[in-house]
Amino acid sequence: MEITEARLPVDVDEIVEFVVKRTPKQDRAILRSDLDQGTARSLRVMVAREPDRALAGVAVAKTAATLPAGALFVMVSTRADRGGRGLGARLFAAARAEPGDDVTRLVGCVLDGDQVSMDVALHWGFERQQTSITSACVLDDAVSVAPPGGVTVEVCDDLVFDDEEAVEAMLLASQTNPEADLGLVLTLSGLRGTAAPGQRPLAVLTRVEGRPGAISFALADGDQMHLMYTGVDPSQRGRALARWTKAFLHTHAHGLGIRMALTENEESNAGIRHVNDQLGYTPHSAWHWMMRPLG
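If you number the sequence shown the way my numbering does, the last residue is 552 and the count never jumps.
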């Protein structure tokens with residue numbers, strides 16, 4: 258079976274359909290962003306094709322500003338009837354063949370309950386790091402909410418601000434989440450670069466007495482969005498700013514025709530998951546984040 262480098266962006270739609278058919282819980286918005294060279298520092302996508310050119314497997318290896326320093330994200334997906342024949346291992350080797358001098362570790366994720374994929378990842382030397390819970394919310398009932406006195410919420414899809422340094426400082430300070438402990442630290446420039454062609458960023462900023470207090474950012478793909486991050490300045494916590502900010506983002510998104518929101522949070526992050534419950538999010542899936550040294 259032939260393994261070659263994918264033709265991007267020509268093959269993107271075919272790859273997205275292939276991966277989602279194999280793993281229906283896969284988030285299309287994030288997957289399409291992962292396949293865009295413009296969102297990456299480096300990107301290598303390998304495909305395995307049958308003699309009739311039908312896809313049998315895909316592997317993606319990517320570094321990006323939204324990933325931990327030194328980390329190469331790797332995803333491998335093979336057709337169910339090709340499992341156990343070594344195709345996944347061949348794709349895995351091909352994808353990571355040119356990792357770059359700054360890469361020191363590989364990261365990936367496995368859907369909870371997919372024991373076959375977990376066994377393969379462990380066999381390849383990966384170890385579990387943490388589990389993230391993906392939740393979903395239907396936005397048909399999204400309604401406008403008025404923030405409390407002294408609090409204003411503004412749409413800022415382009416993430417451009419007159420007081421950018423203050424917003425950047427708030428964004429950094431807000432990242433006390435477990436993902437930051439793994440080196441996944443978000444910046445305004447990194448978030449600006451996440452949208453692939455055909456996608457659009459959505460963002461709102463909450464200010465308290467004019468100063469940046471909270472931010473929420475999402476990536477929209479069709480009528481669905483992935484809410485990538487919501488953060489509150491530690492000095493402003495306890496005022497329900499996360500809920501106000503996310504609710505305002507929901508209303509903004511609904512007005513643009515978006516009907517479903519997905520968001521992902523580490524399972525021990527009880528605070529933001531409680532906010533999600535208040536906003537109507539329900540369990541969608543769970544993913545185990547895995548890591549191993551490069552060698």
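Honestly, the hints are just simulated from the structure, not real lab data.
A couple of the hints might just be wrong.
Unchecked claim - Computed spacing ranges between beta-carbons, pair by pair:
1. Thr-261 / Pro-491: 40 to 50 Å
2. Asp-419 / Leu-368: 39 to 49 Å
3. Pro-266 / Leu-368: 33 to 43 Å
4. Arg-516 / Val-373: 30 to 40 Å
5. Val-417 / Pro-308: 23 to 33 Å
6. Asp-358 / Thr-261: 18 to 28 Å
7. Leu-551 / Pro-405: 29 to 39 Å
8. Lys-278 / Glu-524: 22 to 32 Å
Even glycine gets a Cβ: it sits at the ideal position worked out from N, Cα and C.
Hint numbers contradicted by this structure: Of the numbered hints given earlier, those the structure breaks are 3, 5, 7, listed in rising order.
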